[in-house]
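**Student:** As you go down the protein sequences, you meet chains A and B in turn.
The working numbering puts the first residue of the first sequence at 1, with every later residue one more than the last.
The working numbering puts the first residue of the second sequence at 248, with every later residue one more than the last.
For the record, the hints were derived by calculation from the structure and aren't laboratory data.
There's no promise every hint is true.
Simulated coverage check for chain A against chain B, where a stretch passes if three residues somewhere in it have a Cβ under 8 Å from a Cβ of chain B [stated by the list, open to error]:
1) 15-25
2) 128-134
3) 137-144
Chain B is nowhere near these chain A residues, computed Cβ spacing over 12 Å in every case [to be verified]:
4) Leu45
5) Lys99
6) Leu183
7) Gly192
8) Cys222
Glycine is no exception: its CB is placed at the ideal position from the N, C-alpha and C atoms.
Listed below, chain by chain, are the residues.
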Amino acid sequence: MTTTLLASTRRIFELALGQMLWARRSVLLALAAGAPVLLAIVTRLTLAGGTAFVQINGRRIDSEAVFGSAMSLLYLRFIVPAIGVFYGTSLIADEVEDKTITYLFTRPIPRGAIVLGKFLAYLVCATAVVLPSAAVVFMVMVPFGNMAALLGSFVRDLGVLVLGLAAYGAVFLWAGALFRRPLVGGLLFVFGFEQVAVILPGYVGRLTLAHYLQANTTSVVCLLLVTIVALWAAMLVIEHREYVLER
Amino acid sequence: MKKRTRVFLFAAAGVLVVALAIGLVAWATRVSAAGGASEDLAYVPATARMVAYIDVRGLTNSPFHDRLRQLQRSTPAGQDALEAQTGIRIDTDVDGLLIASTAVDVPVERAQSSLLIARGRFDAVRIEGLMRSKGGQVDLYKGKRLVTLANGANDGTLVFAEPGLLVFGPQASVRGSLDAKAGTAAGIASNREFMAFVNDVSQGTAWSVAKLDTASGGTPLPPAVLSQLPPIDWIAASGRVDTGLHGFVRAEARDVQSAESLRDVVQGFLALAKLQGGRDPAYRSMLDSVALSAVGKSVSLTFDVTPAVLDLLTPAGPQGPALRRP
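Hey, can you work out the whole structure from these sequences and the hints?
**Tutor:** Right, dumping it as structure tokens:
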């Protein structure tokens, strides 16, 4: 059973990766990856020219501080959740919408392999775009002389990006398996509830994934748990659910 | 997997590997955020209480320096004497100057002493010859020639630690400096708290970081001033010069309450300064640029001395006053 699941997962992964990478939806990925790079180049040129500077609370902010802000505000608060919602919800929901899920279900493979294979394809596809983008922003924004001091936090940020993509992807993959049109709900959760909850006092923030996008042990464990539980739940849903395809 | 998919994945991995490799090279070569002072900081022992750095080359080449020279109209006191004694002209021979105030373990008491680390172009033979002609003794320590000039209370030791790098100070401090560089004693880079402050200010043309140890009296501030201020643990300052001067001062108070008190004290001083100097356009413009903020235990102050302010401070003619007082 395990061998069958792994072999089937690999087959689905290879099939889904090619489709995902060269699909129209990838324009979103390209934009998500390209915009911060463009922004970084413009900011660096502006700061290097000395024609402008960024000031927060009366303190002049240099390019590496701008890099830190880009990582936390642009990547972790916007790009990771956005990619997670758009891709995660589409992994199963699009197959149902396009009525192509029947072709997958008729294959002699465990249904759970479809979830795992598609999730891994999403994760590879998203990390292959987001991580190099963050790396380019790091190279552009941080002067060589300051890289040594920031290398550790940069590597930790990359790890958090991967875990964040995995957690958001898994949660919305589950949502996609449960609901017919999960995108609107997902967007409301990510850009509505999460944005408000993280700034609310008390414990409400802990009910969001954004709260755990940090490089500490508790957050890493939480993100891994959420990913595993959401994937397992999605596999359970797809194993037992009968999808009624509209004519 | 299709070929184009494989190519894309390899390209993505390549970009990531290149970024990490560059970061690793930077880390391996230990190029820190301390700018031009990074290599010289290796000579500062972990016992340092205060470190200050001046990018002399950057300062002397700046338009701001030219304006200051117009204001000053004379050679800084002591520069001619230093040149006569050692052959060193600070404005032309020295590129960077790092001063560290270190605690030195001497048999009788634990004393504070200053260490001067200068990078530039020095006539080593002339300087050593001059010191020897005045009774300087030469010792070898870790393969370096230490020239010590014992002159009663003022004992001074000089060593050319590497080509173009001069270390000067009391013998114990200079030996401690060479130990720190050799790795046989802890260097200031091992003090992460200190280095965090250094990284915060080291982009300036001149900067300074000081640990205020009020218990042992080891502070760069006069006790009379310190007694009027809330408890402060650290002070960091930096100044970036181009056509003007952009200053930044940060004080780390012992706790949040002390930080708020400190901010109130500084605010009071600023209000007083505005009251006294507000009529003078030069001072008013400078005071208007002051931004004060307090975040947690940290109180920060920034200010700008713009070219316009310098124009107002510069005397109108040869007979004009050197500096207008409010």
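**Student:** State for each hint whether it applies.
**Tutor:** Going down the list of hints, with the structure as the test:
Using a Cβ-Cβ cut-off of 8 Å, 4 residues of the stretch 15-25 of chain A lie near chain B, which meets the minimum of three, so the contact claim holds. Interface restraint, the stretch 128-134 of chain A with chain B: holds (4 residues with C-beta to C-beta distance below 8 Å; minimum three). Taking a C-beta to C-beta cut-off of 8 Å, the stretch 137-144 of chain A contributes 3 residues in contact with chain B, enough for the three needed, and the coverage statement holds. Residue placement check: Leu45/A keeps its beta carbon more than 12 Å from all beta carbons of chain B (closest about 17 Å).
Look at Lys99/A: its CB is around 25 Å from the nearest CB on chain B, clear of 12 Å, so calling it non-interface holds up. No Cβ of chain B comes within 12 Å of the Cβ of Leu183/A; the nearest lies about 26 Å off, and the non-interface call holds. Once the 12 Å rule is applied to beta carbons, Gly192/A is consistent with being away from chain B; the minimum gap is 29 Å. Separation of Cys222/A from chain B is adequate, the least Cβ-Cβ distance of about 25 Å exceeding the 12 Å criterion.
Consistency with the previously given hints is maintained throughout, with no hint failing.
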